[in-house]
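Asker: Please construct the entire structure, taking both the sequences and the accompanying hints into account.
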Amino acid sequence: QQQVKQSPQSLIVQKGGISIINCAYENTAFDYFPWYQQFPGKGPALLIAIRPDVSEKKEGRFTISFNKSAKQFSLHIMDSQPGDSATYFCAAPALSNTGKLIFGQGTTLQVKP
Amino acid sequence: SAVISQKPSRDICQRGTSLTIQCQVDSQVTMMFWYRQQPGQSLTLIATANQGSEATYESGFVIDKFPISRPNLTFSTLTVSNMSPEDSSIYLCSARQSYEQYFGPGTRLTVT
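Chain order of the listed sequences is P and V. So the first sequence is numbered by the working numbering: it starts at 1 and just counts up by one. So the second sequence is numbered by the working numbering: it starts at 1001 and just counts up by one.
There could be a bad hint or two in this list.
Said to hold, decoys possible - Taking lysine-lysine pairs in the DSS-like style, the calculated list, with each CA pair at most 27 Å apart, reads:
#: 1; chain 1: V; residue 1: Lys1007; chain 2: P; residue 2: Lys42
#: 2; chain 1: P; residue 1: Lys15; chain 2: V; residue 2: Lys1007
#: 3; chain 1: P; residue 1: Lys58; chain 2: P; residue 2: Lys42
#: 4; chain 1: P; residue 1: Lys15; chain 2: P; residue 2: Lys57
Quick caveat, the hints were computed from the structure, so don't treat them as lab data. For clarity, every value in this text was computed on a predicted model and none was experimentally measured.
Answerer: If you want it as structure tokens, here you go:
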């Protein structure tokens, strides 16, 4: 069974600090690697995603770094804010062009004011 | 981005009954999916809802238990059949538009 390993399981960061969440995938499908943000009682919201033909993508305070050879990708949240406190999930394609995603186990981020 | 709505948002059902969850997307999409999320846990893909043909189920999920319909490019239903307390979970509809995949707000199901 293909897996996506996400770490850390939980993270506490001071306001203004940098939050870093890492994911490692196993398969060879190259399609689309998204990160989702989920607040309690809500569905996952697409935060940022990267295609594997680039090594980095930045949108505002959020950056994805992608290392194809190591099969790893990470989410960096700069200038973390209390409103960023949520659960974050990475996902990797199960099979290219099928849309099927395998999700990491999630990281609960708490940003302290 | 695609906006996805689900009905109902939550329900409490008796053991042995069935519940149908509706998913509506605000634009035509080629791919729709159904996921399950246990509270506090990650997401697991149940099936791909194929327009005009039978759904494709992932390992551990079967059509008799989770029949899925997809009559057009904007709508799908998931039925949870003959429910047991183990089916208590959050059921999420998802749609893929271009390479981006969006989720609905989820249906929180409790089986007593």
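Asker: Hint check: Lys1007/V vs Lys42/P, CA-CA at most 27 Å. Holds or violated?
Answerer: Within the cut-off at roughly 14 Å; holds.
Asker: So if I understand the rule, the pair passes when the alpha-carbon distance is 27 Å or less; does Lys58/P with Lys42/P pass?
Answerer: 25 Å, holds
Asker: Holds or violated: are the alpha carbons of Lys15/P and Lys1007/V at most 27 Å from each other?
Answerer: Violated, because 37 Å separates the two Cα atoms, which is more than 27 Å.
Asker: Please verify whether Lys15/P and Lys57/P have alpha carbons no more than 27 Å apart.
Answerer: Distance ~23 Å between Lys15/P and Lys57/P Cα, so the pair holds.
Going through the hint list in order, the structure does not satisfy hint 2, though it satisfies all others.
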